Amino acid sequence: MTEADKATPLTHVAQVLRLGDPSRYRDHTYINGESLYFPTGRVYGGQVIAQSIIAASKTVEGDRLPHSIHGYFIAPGDIRQDLLFDVETLRDGRSFSARRVNVTQSQGAILTAIASFQKTGQSGVEFADPMPEDTPDPDTLTSAKELMAPYAGKSAFADFYAQRSPFDIRHISPTVMLGVDKDSVARDSGRQMVWMRADGHVDLPQAMHRAMLALQCDQVMMEPVLRRAGLSIATPGISFASLDHSMWWYRDVDINDWLLYVQDTPTAAHGRGWEPPRSTTATVILSPPWRRRP
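Here UniProt numbering is used: the first residue of the sequence shown is 1, the next is one more, and so on.
It is worth saying that the hints were derived from the structure and are not from the lab. Model, not experiment: these values are computed from the prediction.
In the EDC-like style, the derived pairs of lysine to aspartate or glutamate whose C-alpha atoms are separated by at most 20 Å in a straight line are:
# : residue 1 : residue 2
1 : Lys-119   : Asp-252
2 : Lys-119   : Asp-63
3 : Lys-145   : Asp-159
4 : Lys-58    : Asp-21
5 : Lys-58    : Asp-252
6 : Lys-58    : Asp-203
7 : Lys-119   : Asp-254
8 : Lys-58    : Glu-88
9 : Lys-119   : Asp-92
Build out the structure end to end from the sequences listed, making use of the hints.
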């Protein structure tokens, strides 16, 4: 049995996020990367954000970790093509470093992002909101993989979550994924809570854990808008993508442990929604365009 035969979705993701060897020219560092499979055929937004974090991390001192990233998606990417990460050094200060990352394919730019890094070991004021009360234990919930297995073959998204997702996803509220054979699901407030962790175990540097968190959270980012609109992932004519993606890390991350995502969507207009999921580990804000074609 070869190493490729033994690969799992999780280990494959970890390998893709490692990227290639950097090549430096003046204030720029160039790094090549490949794409993961995604049902839309386009480059998965969470993947390219995660890779941008790693690309930028390769250009800073080892005692500095990413604490925030802000990215704008410019055009869809093609999963059949490799990616080129152009990392520009903006500043290296005593405590913080800033990097601009431009990601391109043959058709041009697909993402531009700025990432900021902080020197580890710095102290200051620290507090956090408590966990939501009466939160069910994740071990008592059914995984998305199990929920979607009966629908495999009926939807590309069902196939992805049943067979290819590198994460164990467990919804506390009924998931909009279960609408794969329906036109819509019941409307509600859009608020949802989801437990997630790696589907397996990885031993990786902290920067990689933070990058994988960016990839992980993007797997459920669109759901609050769909939930509030009474739609499902498989609603006929539905289309969605990422316009911009911002993320802040407050503490070290262990992707192997259960992480609770608390999500809501306060507004949507002009084909755009706003979704800020929160935890005491990180905050993520995504602005996705989504439309339902007649």
